[in-house]
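**Student:** One letter stands for each residue in the lines below.
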Amino acid sequence: MSDVHLTIDGTAVTVPAGTTIFDAARMNGIAIPTLCHQQNETPVGVCRVCVVDAGGRVLSAACVRPAEEKMVVSTNSEKVVRARRTLVELLMADHPSPCARQRQSNDCELETLARLEGITQARFPRRLSPRGQDNSSLVIAVDHEACILCDRCIRGCDEIRHNDVLGRRGKGFMAGIAFDYNLPMGNSSCVSCGECMVSCPTGALTNKSIVKTVLPGEPVDVDDLQQLAYFQKVSGTFLELNKNAVVRRHFKKGEIICREGEYGSTAFYILEGQAQVFLSTPLAHVQSKGGAAGFFSRLSSRLVGRQQERRQDEGSRATIPIDASVDLPYDNPIATLGPGDLFGEMTCMNLYPRSATVRAATDCVMLEMLRNVLDIIQRNKTLKAQLEANYRKRALDDHLRSVPMFASLTQDFIDVLRSKVELVRYTKGDVICRQGDIADAFYLVRLGFVRVSEPHPGGELVLAYLGRGSYFGEIGLLNGEGRRTATCTALDHVELVRIHAEEFHQMTEQFPDVRRSLEELAYERQTQNRQRLATATSTPLDQFLTQGLMEAQSLLVLDLERCTRCDACVRACADAHDGITRLVREGQRFDKYLVATSCRHCRDPLCMIGCPVGSIRRRNSLEVIIENWCIGCGLCAKNCPYGNINLHPFNVLEDDPANPGRQVAVVKQKATSCDLCTDHAEPSCVYACPHDAAHRVEPNEFFRWIGAPLETEARTHSR
Amino acid sequence: MRIDRTHRSWEVATLVLAVVSTVAYIAYAVRSPAGPRGGSALGLTFGIAGYAMMLYAGLLGARKKVPTWRIGRAQTWMRGHIWLGSLSLLLILFHGGFAFRGPLTAVLMILFFIVILSGWTGALIQHFVPSLMTTRVPMETIYEEIPHVRAQLCQEADKLVATVCGPIGSEEAAAEEFGGAVTTLVEIEQEDRARFRDIYLRKLRPYLSDPDSEHAELADLNRTSEVFDSLRRLLAAPVHPVLDDLENICEEEQQLSRQIRVYRWLHSWLLVHVPLSIALLVLGGLHAIMALRY
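Taken in sequence, the protein lines are chains R and F.
If you're matching positions, the first sequence starts at 0 in the numbering used here and goes up one per residue.
If you're matching positions, the second sequence starts at 245 in the numbering used here and goes up one per residue.
Mixed in with the good hints there might be a few duds.
[Said to hold, decoys possible] List time: in silico EDC-like cross-link candidates among lysine to aspartate or glutamate, alpha-carbon distance up to 20 Å:
#1 F:309 with R:566
#2 F:447 with F:489
#3 F:308 with R:577
#4 F:308 with R:163
#5 R:232 with R:144
#6 R:383 with R:453
#7 F:308 with R:491
#8 R:591 with F:489
#9 F:309 with R:491
[Claimed, not checked] Which stretches of chain R does chain F cover? Using the computed rule of at least three CB atoms under 8 Å from a CB of chain F, they are:
#10 556-564
#11 574-584
#12 677-686
[As the list claims (entries may be wrong)] Residues from chain R that keep clear of chain F, each with C-beta distances beyond 12 Å, as calculated:
#13 43
#14 69
#15 158
#16 301
#17 480
#18 505
#19 648
#20 690
Keep in mind the hints are simulated off the structure, nothing from the lab.
Note that beta-carbon positions come from the ideal geometry of N, C-alpha and C, so glycine has one too.
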């Protein structure tokens, strides 16, 4: 290759042909300021800060202009300095100063350059329309305001990491960087490698310093972490920036690692040893009914199991879904986890309570990590593939078998599915499928919650919430049209097992039992949906919406013109439920009526979202039922917007960890809500009201009451 | 209980029973040469029936103690209590032939009249007063929660005033608590700040901490707006939003006081009705035993 001879700022230099002026100057110790150019990326010359006077009609961008024979270059002539200063001034006019990077580490390249150029005040007005921020990623904060459109992040993502996630959106004044098809970063296919953040010269892409708390445990070196298979492909820069977010923990045999119902924010990855996962809360529900004495008997509450009393519509699940790669068998809810197993994902990603108690079965070593680290792992393509492979190998069988209607699938067919199913992830708000879309897959929920809804005047009508172990998509595949009949949306971090239409049809053809069960279920779901839609359509929606009563199925209404505030209703409720009332005589007033605080058996039961063990659900009759494996964490009570779920404490015996072989009395809780005293013809609160003021009514009936004389209505609606 | 059209069947049944009893009594009184007596067959029948109705009416209290027993809806018991209890007076009068005779029976009849009168007073109160409570106390809370709500309102007022004057309490304590510096959200002159603090501590806080105090002029609904209007004239404009909030708190306090008053009207008649009813039933039983035995 021939050499090129040129002069830069009066110095004669010789460089290989093809070298840019920028590189030629740098190789000879002459610094040219730049913003968009990095040595490891293809030069694009978009910022023009590296302008030099190469003797042409206009100034040239040094990073892209090749050096030429006998070229005379000036990097600091008055003309060049003035042009560079103007460019920096223009960039600074739109730059929020100090930006996040300048605040964090005082090294924003643009602000440093402005300081060197002596720019303290912008001559140009700021843009009026804000470009906004994107905080959807757990690890990287995106501030479009601070972006100078240098494209370094885009080249880092595409050229260096080959992830092809970042690109440009818009044109001219509206231009900006975008993730995938202009999705929020957290919802995009970004693998959180951190290259864009490292490449960014300003505070447009910065590390979210979320690791303020120090986890108890032994800090782990980045090098040590990268020795582990799970962390090998994770960016070292990232691990360094988040090194407090993952620690090594040692647990002695018998030590409790986490307890069910506790709130946490970490996941555990087992390095050595084995851990036992179990439920310490009794598998039972609260039963309130009279004893053998019958007529004069007093209602009392006790814990009863499925064997003692099976309730109508009670589930017949053989397994209990928990926040780990395995489910717990119902009859003996204990499972063992070993090296390579990850547990606590739901708690970590969605901040739900722990779903089970985990005890070290042997001496154990584990990595405990915060969700920014777990998020990095889950986004990494290689690790994602590994997790998926592990899931297929170890958990798919259990997951499929936990669904009663798939119990008849043969092992051969499951082996076929094993190689075909796909594990897909969605973040909060992602639409999994829309009503009217082509039905191309059937989904099993592995993690998180999915909302099934239909568009309806006045808003989305929620048809169901589906948690771990639930499934959807069968209606569209089984009906002749092959179209989705509802919209499914991820309510939080959701992981689904996707069975493609082809395999689904193969399964239904090969296993007629499965097809029949699916068809029956599809029919049942469609019938329920039609009923709900009909109810909602005949509802005075505006009134319902304004009063927040749209979703109720049964309201406890007190006529305040009759009520003498004697509290007989509250006492009756407490008397019927071991002294723990399930109603409070307070709530929204509507005309002369008070909608008391008592379970409304909502059509959109928000209480069900997030239950870590999926124990709260709706009966086919649409009443809320709390299954026996409720762990008493209280999340449903927190989620109920009307304060209508209570926790009922019971004394139970539990193994005493301090004295092996002995038991100790501990208080466990079970969630309860108004059960309408279903053993009786009328709820106790209504039955015990001496003034004919308390009524249980459907919302539609209630709204028909308004304006009608109560004397006639009360007779009609005394139930 | 509200006496309305839903009581129609009870009213008719009571009226029919009353008419039948009256006809029977008149026929019996006319035919008895010595006049109607409690010891006669019909007199005893009236007495037994009347006392049975009194007992039934009295059992309502026991029924309320066991709200979950499925022995008839409480409202049915209440209707029976009102109408059969009222009818029992007529039957007992027929039983005694409208004469009081001995001292025990005289006491019994006086008690009976008071019980019936207090009962109907209670029925009238329960007919009208709940509506009054509903319209006049829109911010009604659970009666037992009132002291707690009041304490919260007082705290809320202190916090509001603290945004203008710094923490409530002595200046020294406030300065100590805040390390010598009193920071506030509302910017006003030092003089205004001191004046507002003084007014709050002298006039408003005594009322909020003891709303039942007779001296509190803020307890008077009509005076409240006058007091706050004069305060608005006295204090600088930046304090006015705080005054608005304080006025709302005072109004809520007034509502709570009103709720207590109305609640007491609703239930205080029971202080007469219940013990006298028990006494009546006990003495009535004693009278029956003595009359039958001796």
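**Student:** Next, verify each hint and record whether it holds.
**Tutor:** So, going through the hints one by one against the coordinates:
For the suggested pair residue 309 of chain F and residue 566 of chain R, the alpha carbons sit about 12 Å apart, so the restraint of at most 20 Å is met. In summary, the hint linking residue 447 of chain F to residue 489 of chain F is supported, as the alpha carbons are separated by about 16 Å, within the 20 Å threshold. Our distance criterion of 20 Å between C-alpha atoms is met by residue 308 of chain F and residue 577 of chain R, whose separation comes to about 17 Å. With a CA separation close to 74 Å, the supplied pair residue 308 of chain F and residue 163 of chain R exceeds the 20 Å bound.
Pair hint residue 232 of chain R plus residue 144 of chain R does not hold up; C-alpha atoms about 31 Å apart against a cutoff of 20 Å. Distance check on the hinted pair: residue 383 of chain R and residue 453 of chain R sit about 32 Å apart at the alpha-carbon level, beyond 20 Å; violated. Our distance criterion of 20 Å between C-alpha atoms is broken by residue 308 of chain F and residue 491 of chain R, whose separation comes to about 48 Å. At roughly 27 Å between alpha-carbon atoms, residue 591 of chain R and residue 489 of chain F are farther apart than 20 Å, so this suggested pair is violated.
A C-alpha spacing of about 48 Å is found between residue 309 of chain F and residue 491 of chain R, which places the hinted pair above 20 Å, so the restraint is violated. Under the rule that three or more residues need a Cβ within less than 8 Å of chain F, the assignment of the stretch 556-564 of chain R holds, with 6 such residues. Against chain F, the stretch 574-584 of chain R contributes 4 residues with a C-beta closer than 8 Å to a partner C-beta. That satisfies the three-residue criterion, and the hint holds. Check on the stretch 677-686 of chain R: 4 of its residues sit with their Cβ under 8 Å from a Cβ of chain F, so the three-residue criterion for coverage holds.
With a minimum CB-CB distance of about 51 Å to chain F, residue 43 of chain R clears the 12 Å threshold, and the non-interface call stands. Taking the minimum C-beta to C-beta distance to chain F, about 71 Å, the non-interface status of residue 69 of chain R holds against the 12 Å cut. Residue-level check passed: residue 158 of chain R sits 53 Å from the nearest beta carbon of chain F, beyond 12 Å. No beta-carbon of chain F is positioned within 12 Å of the beta-carbon of residue 301 of chain R; the least distance is around 15 Å.
Even its closest Cβ contact with chain F, about 52 Å, leaves residue 480 of chain R beyond 12 Å, as expected for a residue assigned away from the interface. For residue 505 of chain R, the non-interface assignment is confirmed: its Cβ lies about 56 Å from the closest Cβ of chain F, beyond the 12 Å cut-off. Separation of residue 648 of chain R from chain F is adequate, the least Cβ-Cβ distance of about 20 Å exceeding the 12 Å criterion. A Cβ of chain F approaches the Cβ of residue 690 of chain R within 12 Å, the least distance being about 5 Å, so the stated non-interface status is violated.
Comparing the model with each numbered hint stated earlier shows that hints 4, 5, 6, 7, 8, 9, 20 do not hold.
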